[in-house]
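Asker: Spelled out from the first residue to the last, the chains are:
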Amino acid sequence: MAFVDSEVSGGTQADQDALSVKIVVAGGFGVGKTTFVGAVSEIEPLRTEALMTEASTSVDDLSMLPDKRTTTVAMDFGRITLADDLVLYLFGTPGQNRFWFMWDDITRGAIGAVVLVDTRRLADCFGAIDYVEQRGIPFVVALNAFNGIQEHDVEDVRDALQVGPEVPFVVTDARDRESVKVVLVTLVEHAMSLIQQT
Amino acid sequence: MAAPDGRRVRPYLATRGRTRPVQDIAIEALVSTTKDGRTNGSDPEPERERILRLCHSPRSVAEVAAIVSMPLGVARVLVADLETEGLVRVADPHAAFAGSEEPARNLSVLERVRDGLRRL
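Listed in order, the protein sequences are those of chains A and B. First residue of the first sequence: 37, per the numbering used here; consecutive thereafter. First residue of the second sequence: -9, per the numbering used here; consecutive thereafter.
Calculated directly from the structure, the hints in this document are not laboratory data. Ideal placement from N, C-alpha and C gives every residue a C-beta, glycine not left out. Any given hint might turn out to be false.
Just a sample of chain A residues kept apart from chain B, beta carbon distances all over 12 Å, derived [unchecked claim]:
1. PHE65
2. LEU124
3. ASP154
4. PHE162
5. ILE165
6. PRO201
7. VAL203
8. PHE205
Quick look at which bits of chain A chain B covers, simulated, 3 or more residues with Cβ under 8 Å [stated by the list, open to error]:
9. 67 to 74
10. 107 to 119
11. 191 to 200
12. 225 to 234
Construct the entire structure; sequences and hints are all you get.
Answerer: Structure (structure tokens):
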């Protein structure tokens, strides 16, 4: 492993590799996940693809797809170098909820998730919230202010989503770097508070 | 070997004594070319050669897949093979913390992430 082979790899390598961590950006199709990632990423968001093969068909309904054998699932992601030895990746989840098999890969070991919500299409985020709640992944709900959300509406949305008072809700503008930073800091602090409680 | 659609399929077939299941490599694991990988001469496989050049500065497995334009599963297989041959190192955050808490559950790591985000 990387941390024990320094004698082999020679003295010019850093003694310790950088640590990479990740945050997941979840939400419905077209809610602004890639815009959110792009607002803070140091690189243009990249797209990586996974092939869904026959092994996955037992748990995914492919009846709507023209090719039942394989399909491609895309996810967009960005990178933020926080220090010489610390890199944060932001992974957007595939928008279509039938691709749950990808989520396990994306969320494994994540700091937590931002569930991005378009208040005009609340139901689009139900699947994402169910997923992170069931797996105990720390999350915050970020209301993307497409249409000027008032502060007093936030608790209405919380009621509609049936999310408990312990989960932070933030109004954000996915296009705005400072606004996105606030959401990410809120998530990291929430994840820290959950650890401190245990 | 090429699939009917022209996509190369050989990477799926390679199984050279890996030390762990390919799927265990995290998508955010950082891949960096080792000294051997830099001095080995060019690799006859173009995709492997591209990975070795790309990872002179560390890149995540997801970045390797996106930049070399290959599905994530193929990138994992090639990276795992290159690791087995000592041509790249894979700094897997989960493996690094094996036996203790994961980095995402480590308070000092989270503090550094929070402070780094605030400084952006």
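Asker: Taking the hints in turn, state whether each one holds.
Answerer: Structure-based check of each hint:
With a closest Cβ-Cβ approach of about 20 Å to chain B, PHE65(A) is found to remain outside the 12 Å limit, as its non-interface label requires. Not every C-beta of chain B lies more than 12 Å from that of LEU124(A), the closest at about 6 Å, which undercuts listing it as non-interface. For ASP154(A), the shortest C-beta to C-beta distance to chain B comes to about 24 Å, beyond the 12 Å cut-off, and the non-interface label holds. Interface exclusion of PHE162(A) from chain B stands, the closest Cβ pair being 25 Å apart, more than 12 Å.
With a minimum CB-CB distance of about 19 Å to chain B, ILE165(A) clears the 12 Å threshold, and the non-interface call stands. A cut-off of 12 Å between C-beta atoms confirms that PRO201(A) is not in contact with chain B; the least separation is 22 Å. Against the 12 Å criterion, VAL203(A) stays outside the reach of chain B, whose nearest CB is about 17 Å from its own CB. For PHE205(A), the requirement that its beta carbon stay farther than 12 Å from each beta carbon of chain B is met, with the minimum near 19 Å.
With 0 residues having a Cβ less than 8 Å from any Cβ of chain B, the segment 67 to 74 of chain A misses the three-residue criterion, and the hint is violated. Only when three residues or more bring their CB closer than 8 Å to a CB of chain B does the claim for the segment 107 to 119 of chain A stand; here the count is 6, and the claim holds. Against chain B, the segment 191 to 200 of chain A contributes 0 residues with a C-beta closer than 8 Å to a partner C-beta. That does not satisfy the three-residue criterion, and the hint is violated. For the segment 225 to 234 of chain A, the stated coverage by chain B is satisfied: 5 residues place a CB nearer than 8 Å to a CB of that chain, which reaches the threshold of 3.
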